[in-house]
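Asker: All chains should be built: construct the whole structure from the sequences, respecting the hints.
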Amino acid sequence: MTALALREWEVVCNAGDLVAGSGVCALVRGIQVAIFYLPQLENPVFALDNHDPIGGANVLSRGIVGDLGGELVIASPLYKQHFNLRTGACVERDDVAVPVYRARLEGDEVLIALPT
Amino acid sequence: MGSKKIVVVGNGMVGHHLVKSLVQTGANCAITVIGEEPRPAYDRVHLSEVFAGREPGELSLVSRETYQQWQVDAHFGDPVSGIDRAAKQVTTRGGHTFAYDKLVLATGSYPFVPAVRGADHKRCMTYRTIDDLGEIKSKAADSRVGTVVGGGLLGLECANALKNLGLQTHVVEFAPDLMGVQLDEGGSRMLRRKVEGLDVTVHTGKNTQRIGPGSGCALRMDFADESHLETDMVVFSAGIRPRDDLARACGLKVGERGGIVIDYRCKTSDTDIFAIGECALFGGRIYGLVAPGYRMAEAVVQQLAGEDGVFSGADMSTRLKLLGVDVGSIGDTHARTPGSIACVFSDERQESYQRLVTTADGKKLLGAVLVGNCEQYDTLLQYHLNGIDLPDEPSSLILPAAGETPTLGMAALPKTATICSCHNVTKGALLTAMDDGCCSFADVKSATAASTGCGGCAAMVKNLVDEELSRRGVVVDRSICEHFPHTRQELYHLASVGEVRSFDAMIAAHGKGMGCDICKPAIASIMASLWNEHVLAKPHVGLQDTNDTFLANMQKDGTYSVVPRIAGGEITPDKLIVLGEVAKKYNLYTKITGGQRIDLFGARVGQLPAIWAELVAAGFETGHAYGKALRTIKSCVGSSWCRYGVQDSVAMAIYLENRYKGLRAPHKLKSAVSGCTRECAEAQSKDFGVIATENGWNLYVCGNGGMKPRHADLFATDLDDETLVRYIDRFLMFYVRTGERLQRTSVWMENLEGGIDYLRAVVIDDKLGIAAQLEAQMAHLVGTYQCEWKAVLEDPAKIRRFRQFVNSDKQDSGVVFVREREQVRPARAEERLHLVESVE
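Here the protein sequences come in this chain order: U and P.
Per the working numbering, the first sequence starts with residue 2, numbered consecutively.
Per the working numbering, the second sequence starts with residue 1029, numbered consecutively.
If you are wondering where the hints come from, they were derived from the structure by calculation, not from laboratory data.
Honestly, I wouldn't trust all of these hints.
[Said to hold, decoys possible] Here are the simulated lysine to any residue pairs, SDA-like style, with alpha carbons at most 20 Å apart:
id, chain 1, residue 1, chain 2, residue 2
1, P, K1566, U, N15
2, P, K1838, U, G31
3, U, K81, P, V1569
4, P, K1048, P, S1088
Answerer: In structure tokens form, the structure reads like this:
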């Protein structure tokens, strides 16, 4: 995997803005970032680009989170394709993927590091 | 080469079957159909159901429009009056002439009226056509007693009609037994016992001599034995005679006792003329059932399409329900085969009679009679038709199961065995369907049409599919998804019995992993059906599809549409104005839906609470257009305005919609209420539909529009308001309990073993003893209804969920509209590029 140059971690919202077992969307430097919160996990926060490349709309934060074959996925609310929460890969189509962003929860703050 | 001119005389069931099959072959021919009756072909077999509430129109097998689409030149109400074989043309009574290359006579039969003095009285009639029904109905209106002459299959069918019309019914039969052709003496006796138990008086061995005026009734029938019977009307249904007059007149060969003589190619003595159905005489015999007529039609179609087609006689075994009594007759019922032996089991308490006729060695089944219980009919018929060796003790097939009744393994049947005789589907055809990928009873049924006729073979088809699947090593996994090894129905029971109230508890107890977009919404729906907590209550929040989460319908660009409830489609001008004002204020695209509501499109997620605050303030409630829940109950305007309405359909629709609004189900539910039989609300295409009658309401269930339309089944008739609601309560809750995920009521019912009859037994007769539970659960749901939007607006925590971005008030720049026909719509990709560039 190519290491991407990263910006600084930046605080985008508070833990109280997240919804357990589901997603919300934050606007970070003009990029729509879908943030998912799975409190039962050690690293409970995942961030993906909000844009569904198949449906062509900014909706991924409004999908349903789950696991398929042991991998964490988000199902697009438009046409139900699944995207891997850790890699952004589309389960149904090899040729499609969604950008994944680094994310973490630190105390009450949700931090994201965007690529430069 | 020009197309062959085919003229078909007669548009009964068999004539129509020929036309339909011929069109389906795609053969190059110009088809002309000439029918005597003023309407296209209809189902004569089920004529008596019209008196049980079925509309005459429902019996129709084809419409004029369909014939037009098929480019069939159809003429109704103008019978053929002559055939000119030399000129190869036919002439109608109205003076029209049609030339033919090949002529098919499907003129059918007419009811036999014995030579009885007074039989031409205007209160004496026959029973054969829809017009006859009208006549019977009108005479029955001022009759108390009705008598059928004829105790055969048609006579008993007709007695059923008179009984349904509320008449004191008598059956008069010349022979000593009822249904003497199909049944042996013992079977006939049992049938009589059952028929008399239904308040139909049976007189056998009666030779009617004259019909004259009566003293207590309008008519008096005098019999040869000097007894008599008073009655207000007489219907002759004493057998049929072939209509061979046209054939006779043009010199075709006819039988001594009537019938157009045909060979095994269904050709008459003129090689350009075929005869099929009840007008044809094959091997000295008239085939008075519809299935052999169909086989003849198919043989002719094959020849017209340039193939070889033969009719080699047909099995006259039959199974029917007469006056509600199951009767089956197979092969040599009278044991006339030399050396045959019989085995009889008769139980007068259970009112069931079963007789097997076998070869002397007991190896082969020659015939059978079943009265009162036809469970073994299909199995016995297969033994008979395919010459399969009987079990060592043939009697075990009909004796009540002390141990196991031996079942006939489907594997024993040859591929040519006909399983569905209505549609002539063989075992081979079913297997081919499975080869082509069908792997359930429902798949096979829709691919082959097997068991979509009378449905009698359903159990057999299902067995065959199950056996074949296990033989092929296919394990049918009906698990809802990888997280739960259960069907939706099982999950429902687990949640209900264990009083499980959250998804987390459910997956901990019965599943594994974290769940997914299949099981989460399914379990959320079950939770809603069971406990009716708000769908956005904390434990349920991440479980819902986006539409349920945001209580609106997501569109292709990620915006939502808003559909407030407009119960029954009734709306005040003031509310209409509010909708207009809200749409205008938020720049929403406005469209009237098929369900008599108004859909407002293009709302961004962040706008939804503000939009709904205005709607709720104006008295609107959520319409649940987003949920697998009750959607709308359409109505026509009904008796308060319409000249034809017989009940207040709007009031009923509003009542029902308010009762069931918010009900979460395996899939969406739609309904409609029509104020009269004209059915303007299209209730027969709904999950449950209600149609007003003079006496109350008829309830239809399990209809569907959409991708796979299904005509609803008439479930119960002339219900009062209270009974109607009770039945719908039970029906809906039973569906909610037992339906699979995303299974509409139509498919659900088709997969219920026993189909509509079973559903009636559960809902109406309370066969499972759960009716009270179902009603109580519905009462709970009705009592705990809340408008989901109103509840959201009262809870700031829930409103927070509707923010476009958690950290910004900006809007989604991906949503771009253009204007079209004075409203907005999402920009297409190329328009969007252009617009975004021009902004930047």
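Asker: Hint by hint, note whether the structure agrees.
Answerer: Tested hints:
| no. | hint | in the structure |
| --- | --- | --- |
| 1 | P/K1566 x U/N15 | holds (19 Å) |
| 2 | P/K1838 x U/G31 | holds (10 Å) |
| 3 | U/K81 x P/V1569 | holds (18 Å) |
| 4 | P/K1048 x P/S1088 | holds (14 Å) |
When held up to the earlier numbered hints, the structure conflicts with none and fits them all.
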